[in-house]
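Residue numbers (my numbering), protein chains in the order written: chain A, 546 to 658; chain B, 389 to 501.
Treat the hints as calculated values from the structure; they're not laboratory data.
Since the structure is predicted, the reported quantities are computational estimates derived from the model, not experimental observations.
Watch out, some of these pointers could steer you wrong.
As the list claims (entries may be wrong) - With a straight-line cut-off of 27 Å between C-alpha atoms, the simulated BS3-like cross-links for lysine-lysine are:
(1) A:589 with B:393
(2) A:589 with B:456
(3) B:459 with A:589
What the hints assert, rightly or not - Covered stretches of chain B (in silico footprint by chain A; criterion: 3 or more residues with CB under 8 Å from a CB of chain A, positions within the stretch not fixed):
(4) 429-436
(5) 492-500
C-beta: ideal position from N, C-alpha, C; glycine also.
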Amino acid sequence: EAGVAQSPRYKIIEKRQSVAFWCNPISGHATLYWYQQILGQGPKLLIQFQNNGVVDDSQLPKDRFSAERLKGVDSTLKIQPAKLEDSAVYLCASSLGRLDTQYFGPGTRLTVL
Amino acid sequence: DQQVKQNSPSLSVQEGRISILNCDYTNSMFDYFLWYKKYPAEGPTFLISISSIKDKNEDGRFTVFLNKSAKHLSLHIVPSQPGDSAVYFCAASTETSGSRLTFGEGTQLTVNP
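Can you make the complete structure from the sequences, with help from the hints?
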């Protein structure tokens, strides 16, 4: 069974630029999550989708972050404009349902200069 | 407000001995707890979980203990193997938050041959 796929694996941008990350969840998984993991901290949930609807985006900085999952399968997370403090690993995870085990992708390491 | 804390950033043990990783939480509403393991350049992988109605859950070499009165849980690995060397994250959720996980900062475990 293929795992959660993410791309790119690494991205370096300058502050005020825009960046987008892509995630393809495990086939059949209805729930998709985006987490931000800052160095030395645990992952923090940014947004959770159930199929193509948003379930929880309470911790998403909506002035600069946006995410979509238009067809209920893959998802994109965008940052516009990026700030230095956005430097982190962005992890995508998926699960069969909301209360099932979450499976994580390898993450995208973002460096904002 | 760090609701889940792992106070030991690192732990080093000898192969064959027991590894004990600790986690404390402050939110009394947490009712489900998980441990994830993370290797470098990979996403976290689920290891073991425990519901608040139990005080122990065992899976092979891994046992999680929950002390609700002390708001403390621990992960025991016995015997420890070099392949167990990784970062271990404790996570918690509440019934009302559904699948939103709150992670600790992680503990780097090194098992020396």
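Structure-based check of each hint:
1. A:589 with B:393: holds, 13 Å
2. A:589 with B:456: It holds: about 24 Å lies between the C-alpha atoms, which stays within 27 Å.
3. B:459 with A:589: holds, 21 Å
4. 429-436: Satisfied; 6 residues make the cut.
5. 492-500: holds (count 3)
In this structure, every one of the numbered hints holds.
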